[in-house]
Amino acid sequence: MSNLFTIFIAMVIVNNIVLAKFLGLCPFFGVSKKLSNAFSMGIAVTLVMLIASVSTSVIYNYILVPYRVEFMNIVIYILVIASLVQIVELIIRRTNIILYNAMGIYLPLITTNCAVLGIALINSAENYSILESIVNALGAGIGFTLVLIIMSGIREKLDLADSPKSMRGLPVAFLTAALLALAFIGFNGMV
Amino acid sequence: MSDHKDRSNSKQPQSCHPQKQYVEDNKKSSSRFWKELAKGIVISNPVFILTLGLCPTLAITNSITNALGMGAGVIFVLLCSNIMISSIRKATPPLVRIPVFIVIIATSVTILSLVFEAYLPPLYRSLGIYLPLVVVNCIILGRAEAFASKNSVLLSAADALGIGIGFTIALVIISLIREIIGTGSLEIFGRQLFKLPGLSTHPLLFFISPPGAFLVIGIMMALFRLIGVIKSE
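Line order of the protein sequences matches chains B and P.
If you're matching positions, the first sequence starts at 1 in this note's numbering and goes up one per residue.
If you're matching positions, the second sequence starts at 1 in this note's numbering and goes up one per residue.
If you are wondering where the hints come from, they were derived from the structure by calculation, not from laboratory data.
Heads up, some of the hints might be wrong.
With the C-beta cut set under 10 Å, the calculated list includes, among others, these residues of chain B facing chain P [to be verified]:
#1 Ser2
#2 Gly24
#3 Leu25
#4 Cys26
#5 Asn73
#6 Lys165
#7 Met167
#8 Thr176
#9 Leu179
#10 Phe187
#11 Met190
Think of the CB as a built atom: it goes at the ideal place given N, C-alpha and C, for glycine as much as any other residue.
So here's chain B without its partners, still in its complex pose (with noise of 0.2 Å):
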């Protein structure tokens, strides 16, 4: 039990998967101008996240390690995710219209996130068991999420700010995220 906190707390804060293994960053710089979106993406990665987490962890404990066959892990991985997230896409279609207006235009962007199949890697290559793996992806979209608020709520503010042309946009965004990875810094050596 004490293990699987440890694995929450340190993808949540420690290692957060934007701002110190630096996966996801498209997402993360592309729908943090509004915080509503910030939102709504998160909840939308952290799910399929959790789905493909779960998916791939079955593949890999009971499929790929019992037949030796773990190098290909990449191939089918990818093709696992962009599978998932069209089954989520058409799931939620059918079932629930004010959540696919909320995110179902985020939901195909997340096929080609690296942070989904970051996560996955990172799960097979510490031979994480299912339940230990489902905990680091919903420790992982948890942090994404987090992240992508505070970034949100802050670029909402540095829109108002009179900045130098060459720097307005990216630039500026980099620079706050320096920042902000200097800020979780802060919380290295606490697991």
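The hints should help you fit chain P onto chain B, whose structure is shown.
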């Protein structure tokens, strides 16, 4: 016939960046080869101008050895996937083209990671999960979709080389800055090139830590834009 098809396709809006220059271009293939090559390195540098493939750019530029390894890997995967996709472009049904591209790219990345694991184990270990993550690098799928699926094999190879070299140059520039300021010395594949007297005893570790990556890339982007703003005025 194929030439006509190229021209009609390149008029459509592209996802990555506009490619209008191909429309009038109808000369010998050798001169076009060099043109495609130069375009990828200078005019549409994937990192600084198009801001693609940011995840590996930030993660592995803490040393120049990693940057060169990642650059070589991306060039290999781009070449493999562009050549394969371009040679089967007429047999690929448009509806399932993205899954086909992804499988081809994932296969190339698997080959690459097996080769690195066998022949360059230290580099393989220091690149870690970022080597398999080349598969979701938007540069590679972007080139497959925007270029290789519409052009001949030779031009696709030139495009892959140009974009790959442009990406490597960007990685090397960033990692040079980070490694020299962050450690005070420069080391390529385990061999030390030089040591800065004051800096190597008191290095600014901030620059090889994650926040340093964000800072250096932010400043580089602002510099590139500043040059662009001055030129356009």
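Check your understanding: Any of the earlier hints contradicted here, and which numbers?
Key -> Failing hints, ascending: 1, 10, 11.
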